[in-house]
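K.L.:
Put together the whole structure using the sequences plus the hints.
2 protein chains.
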Amino acid sequence: MPDKKLQLIPLGGLGEFGMNCMALRYGDDIIVLDCGMMFPEAELLGVDIVTPDFTFLEENREHVRALILTHGHEDHIGGIPFLLTQLNIPVYGTKFTLALVERRLEEHELRKDARLKPVKPRDIIEIGPFKIEFIHVTHSIVSCVALAITTPLGVIIHTGDFKVDPTPTDNTPFDLHTLAEYGKRGVLLLLSDSTNVDRAGYTLSERAVQPRLEELFNRADRRIVVSCFSSSIHRLQQILDIAAASGRKVGLIGRSMLSATEIAHAHGLIRIPDGLLLRPQDIMQALPSKVVAVVSGTQGEPMSAMSRIAVDNHKHFSLEKGDLFIHSARIIPGNEKAIGRMMNHIARRGAEVVAGSMNPPVHVSGHASQEELKLVLNLVRPRYFVPVHGEYWQMSKHAALASHLQGLGLEEVFILETGQTLELDHRGARRGAKVTVGRVCIDSGSIDDVVEDMIIRDRRHLSEDGFVIPIITIGKHTGKCEGLPEIVSRGFVSFEERSDLLAQARAIVSKTLDNSSHEERTDWGVMQEKIRADLKRFLNKQTSRRPLILPVILEV
Amino acid sequence: MPDKKLQLIPLGGLGEFGMNCMALRYGDDIIVLDCGMMFPEAELLGVDIVTPDFTFLEENREHVRALILTHGHEDHIGGIPFLLTQLNIPVYGTKFTLALVERRLEEHELRKDARLKPVKPRDIIEIGPFKIEFIHVTHSIVSCVALAITTPLGVIIHTGDFKVDPTPTDNTPFDLHTLAEYGKRGVLLLLSDSTNVDRAGYTLSERAVQPRLEELFNRADRRIVVSCFSSSIHRLQQILDIAAASGRKVGLIGRSMLSATEIAHAHGLIRIPDGLLLRPQDIMQALPSKVVAVVSGTQGEPMSAMSRIAVDNHKHFSLEKGDLFIHSARIIPGNEKAIGRMMNHIARRGAEVVAGSMNPPVHVSGHASQEELKLVLNLVRPRYFVPVHGEYWQMSKHAALASHLQGLGLEEVFILETGQTLELDHRGARRGAKVTVGRVCIDSGSIDDVVEDMIIRDRRHLSEDGFVIPIITIGKHTGKCEGLPEIVSRGFVSFEERSDLLAQARAIVSKTLDNSSHEERTDWGVMQEKIRADLKRFLNKQTSRRPLILPVILEV
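So the protein sequences, as listed, match chains D and B. Letter by letter, the first sequence follows residues 398 to 953 of the numbering used here. Letter by letter, the second sequence follows residues 398 to 953 of the numbering used here.
Careful, some of the hints might be misleading.
[Stated by the list, open to error] Computed list of chain D residues with no C-beta within reach of chain B, every gap over 10 angstroms:
(1) Ile524
(2) His664
(3) Glu788
(4) Lys938
[To be verified] Covered stretches of chain D, going by a simulated chain B footprint (3 or more residues, C-beta under 8 angstroms):
(5) 594-603
(6) 724-734
(7) 737-746
(8) 907-914
Simulated from the structure, these hints should not be mistaken for laboratory data. Since the structure is predicted, the reported quantities are computational estimates derived from the model, not experimental observations. Quick reminder that beta carbons are idealized off the backbone N, C-alpha and C, glycines included.
P.N.:
Below, the structure is given as structure tokens:
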């Protein structure tokens, strides 16, 4: 009988959206499952991305054996450069997932030393006391796996993100057979994706967007612009196929869109007919009725390619009257206003706007709805269940959804939040001690294709560089800045002593305002981002310091 | 042939969500259609509500004859106290709409002088050159009307907000007959609601929520808490009826919920069986399986009754394990995060969370979808069409939706934004001059049932009172404030000269932090609001000034 205990240590993503990261420990050996990031909430003004706090892993560095990845979305891999800087452990994932990781590591100049270990579905690897089988699942990104982790105490199934797509565009369905086999032999613990637990029924197949896209591509008589997530390779494949069938060439716009497509193509995961692609700079020269632009920046991110096109500030593409814009992506909660503003700018250019809520849809979710979640619960029939990937209320609903399994061997459901561990031994499972967790805010200095400086800094030592708050007062009627911008700061260089610097900083902010179009000036999200970027560059150059910058715009 | 021109002057609500207000001028005579407010965007930190700028009406004060209301939602009546303070014109609306206006006027001590003129559907009033008929329409609030305005140049139809509910709960359907009659005789201009233009098909009837609510009320074995808009009288009627049928008594919680119900009851618009209602303070004493609490605060507003219950900080009601929470309301774009946080707090108390996206639904929209919009376009068959109530991209879609009318007499569609006028004369319609418009930000000092000071101040003269920015640094690991809060200000009293005041203000902020629960402290929206409220009260008491207060929370 195994005498050591098994510990589940959630480091991120339980009770919060994004930065999924979970550690699993048996005796001394620790493996890490996924290592994601999240985009900051509006309250966290002034930082670009947020990662989990890796203190627990650093404190146990000699025991951490490996990082195992389920798929390549940012909320599952975005934290890897920051983790590997601390702990250079081997990273296991499918080839495509690792290629996306590689891209991130290259940006941080970490590629050389990284130990990336590709795996295929049905592969089994052994790491200390853990035997891990990779099980193919369907999701909005390609090459996704669930994990079946055999431990001395029993099997743990971690679904990763998934839906059960009966007709995936790559004709490779969810490997329900392997999951069923594990379920038949007995599973100790199931961890399953809670994202769409409030949706009844089944999530539509990725193929469900095809009829609507075909109809739109056929009726449009001018340029079509589709905005989708760059990692949505299935979606991109459908766009390419429909474009080819309707006689349109395709231009990819945005750094992440180009690189994701390149990676997918290099791994044989996307079929691109010869001569179908146009270079971004050639799109405007082609006949308007014969092109489609596929653009990154679905969430109204102020400096993304799509936001720049919306305010007619992109070097290669300009929207014109009669063009058609298709928003083929999820609206991530918190981004509705920014996306709405972007769509208003697009409509003002005279383009038609088609968004996801139409029926038939131009976007479908990649996450399982209630009936699929129940299917997985029924196939796996675990002894214990921990809902993952979701806000607290979603995990709580997922827990309730599993209650029908109580007659089928389910002993207990645990709703854990990040930092709350679960302990399992031969007697059963119970809540364990809490571990140190938290968020690390990172100020990257780079957004999509505006790469000017790639120095990524951990903001953990904020107090060292202090913060700067530019305050801009805009006249309600004039739309103009009233007087010079104010700047207040703490913990940064003393503006009393460096009045030259203060004067120049105020001039920088004024210049940013003057150089912006009226349309940009009415969009405060864009203005805050532009002011922050320009001031950051200036202050860093002058002082070699990188204070946190929080622009405040007041209307009088 | 009429020789004067007709002018349509949008003062709010076109190209922006909320604060609907439109002036109509023929020759010298001006009438105003609706006078709403909007809730500020996150960027407008520090103000409570926003109204249109009434400069145009003030400049033409001797010509403004009346205000005509379509219905009693805040985005159609919330600006009235601020308009009447400037211009005491008569106000026409249905009895229920005027009763809601009265409540607002009483808060501002304006009731005595106001000239409120009740009208009924099919009434026709004459004001100068305008003859206005009120046409009953269905919407989420009761007693709604569209307006048919006969002018010397032709008829203008303004739908107000509407859907075409075939089975309204009060058995009074949309008066399509009267609308059709106008259409048959010929309509010059149609203004129609664009809110749901991106939804295909028909909006569900208000009755569609009944099956789901019945099922939930029947299966719940403990307390039920329903959060809905206080003005949703149809919804409230259904909740009361289902509660009565399932043997539960009903407690209404929240100031606005109580007063809206009282008003509806006084006007015979809601049927409340004798003995069904419980006082708020008696709810917790009743058997848990025999009560329903109906609570205001659907949008996660930090100080609302529902948000207070969520963090277990309400004097009359406490959620317990096994209770059921039903969110029976729309999620207004921009509020997703706050509502998500509220639902997390509720789930942490052990209550089940049921939200609107379920099928069958616990909430249905009050706005018309595409097929209903087309029905109204087809019945009215206008010569000119101006989409109203929506963001620019929505109005733009509504314009496209009307294009099928081009063979049916439609000459032109105008997408107008707030401030852009339209001129009509015997030759036709065209864009006119722009007028001064904008937003007025108001800092009310009162939120829902926390009524401490009701002095409502126009923030137009912000420069007079200045602004104060408290900066709170919270330790990531400890969740505690690191050191004393910083406070910076401009245009307010000099903290250099009044260091006593600065020290006290910092102490106030510290106290607010100390007195908050851990749960509240992790919710930055709540903390910003609490700090703002406490500091505002203190500074106002000490200095008789009301600076704009923008709390900034930093995590280190």
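K.L.:
Each of the hints needs a verdict: does it hold here or not?
P.N.:
Hints and how they fare:
Every C-beta of chain B lies more than 10 angstroms from that of Ile524/D, the closest at about 30 angstroms, which supports listing it as non-interface. The claim that His664/D lies off the interface holds: its Cβ sits roughly 35 angstroms from the closest Cβ of chain B, which is beyond the 10 angstroms cut-off. The Cβ of Glu788/D does not lie farther than 10 angstroms from every Cβ of chain B; its closest approach is about 5 angstroms, which violates its non-interface assignment. Even its closest Cβ contact with chain B, about 24 angstroms, leaves Lys938/D beyond 10 angstroms, as expected for a residue assigned away from the interface.
Counting residues of the segment 594-603 of chain D whose CB lies closer than 8 angstroms to any CB of chain B gives 4, so the stated coverage by that chain holds, three being the minimum. Evaluation of the coverage hint for the segment 724-734 of chain D: fulfilled, as 4 residues show C-beta separations to chain B shorter than 8 angstroms, against a requirement of three. With a threshold of 8 angstroms between beta carbons, the proposed coverage of the segment 737-746 of chain D by chain B holds, since 6 of its residues qualify and at least three are required. With a threshold of 8 angstroms between beta carbons, the proposed coverage of the segment 907-914 of chain D by chain B is violated, since 0 of its residues qualify and at least three are required.
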